[in-house]
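Given only the sequences and the hints, what does the whole structure look like? Please build it.
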Amino acid sequence: MRRTQRILSRAVIQGDFESDERDYPNIFADLIAALQEDAEMWGYSPLRGGSEVYEVHHNSALEPFKLHLVGDGLLDIPEALENVVVIHRGLSYFDFYALMQSMDVVIPAFVNRDFYDYQASSTVAIAVQCNVPILASRRMRERYGYIDDDRVTVTRPQALREVNALGALRRASINTEALEDNNDRHGTNFSASAGLEYRSDKFDRDVEEMIDQGWYRNMEGFESFKLDLWEKNREAIRRVLHDLPGEI
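Following the numbering used here, the numbering of the sequence shown begins with 88 at its first residue and continues without gaps.
By construction, these hints were calculated from the structure, which means they are not laboratory data. Model, not experiment: these values are computed from the prediction. Ideal placement from N, C-alpha and C gives every residue a C-beta, glycine not left out. Hints are supplied without guarantee of correctness; some may be wrong.
Derived Cβ-Cβ restraints for the label pairs, each shown as a range [as the list claims (entries may be wrong)]:
#1 A323 - R176: 34 to 42 Å
#2 G232 - H329: 17 to 25 Å
#3 G308 - E150: 40 to 48 Å
#4 I174 - H329: 32 to 40 Å
#5 N170 - A323: 42 to 50 Å
#6 S147 - V327: 33 to 41 Å
#7 Q123 - R226: 24 to 32 Å
#8 H175 - A323: 33 to 41 Å
#9 A148 - N305: 36 to 44 Å
#10 E124 - Q300: 31 to 39 Å
Spelled out as structure tokens, the structure:
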């Protein structure tokens, strides 16, 4: 079931555990770097006393961030992330969709051009089916034209890495929903807090637009999007069957 919690805490990468299909090494490295910078913002305690594993900050009011990986195969998880990353293998049909529907955001984590230029990813369709927003670049929105819609997509600048985007969105949702009286702790300087350096005015504007729109997409938006999509599909089928001109 879709959660009503507005603090971004559950992200999912769906696909086989192959590093030539999903960018697991960089996702893990970026997540470790983000935890090193501000573990408490992610719901974890800083490393202390020689510990190499991030532990949940049990005295925090924040739900800890979890990265769920859904697929098959073998994958080495860095020791530091053993409490952060959750692996799901061999799920039944029901359990798979129940899990996906409980997520806050879907992370494509595409590692190369294949899923843009040669092969469609099932992850995109599954995100739409499960009413979970997908974190997508402009390039991805263009390649997967049917999700080029703010009702179902969270748009990150192409130069902004996925974990940094998650960090900025989580921090923004914390400040908005949970810690409005404690902004000095978590701040509002998203570029610094997420390890970002704005590279241009446009990049700056794109990051701010992403933050302003937030990560949450309501159910009404998903349902209206699907109605519009189905109508477009029906029209495309009608044109094919009747050999009518126009874009399909």
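Going down the list of hints, with the structure as the test:
1. As the Cβ distance of A323 to R176 is approximately 37 Å, the hint placing it in 34 to 42 Å holds.
2. About 23 Å separates the C-beta atoms of G232 and H329, a value consistent with the hinted range of 17 to 25 Å.
3. Between G308 and E150 the CB atoms are about 23 Å apart, so this pair departs from the stated range of 40 to 48 Å.
4. About 49 Å separates the C-beta atoms of I174 and H329, a value inconsistent with the hinted range of 32 to 40 Å.
5. N170 and A323 have their C-beta atoms about 47 Å apart, which keeps the hinted 42 to 50 Å range intact.
6. Distance hint check: the CB atoms of S147 and V327 are about 55 Å apart, inconsistent with the given range 33 to 41 Å.
7. Our hint of 24 to 32 Å for Q123 and R226 holds, since their Cβ atoms are close to 29 Å apart.
8. At about 35 Å, the CB distance of H175 to A323 agrees with the hint of 33 to 41 Å.
9. Distance hint check for A148 and N305: the Cβ-Cβ separation is about 24 Å, which falls outside the suggested range of 36 to 44 Å.
10. At about 24 Å, the beta-carbon gap between E124 and Q300 misses the expected band of 31 to 39 Å.
Comparing the model with each earlier hint shows violations of hints 3, 4, 6, 9, 10; every other hint is respected.
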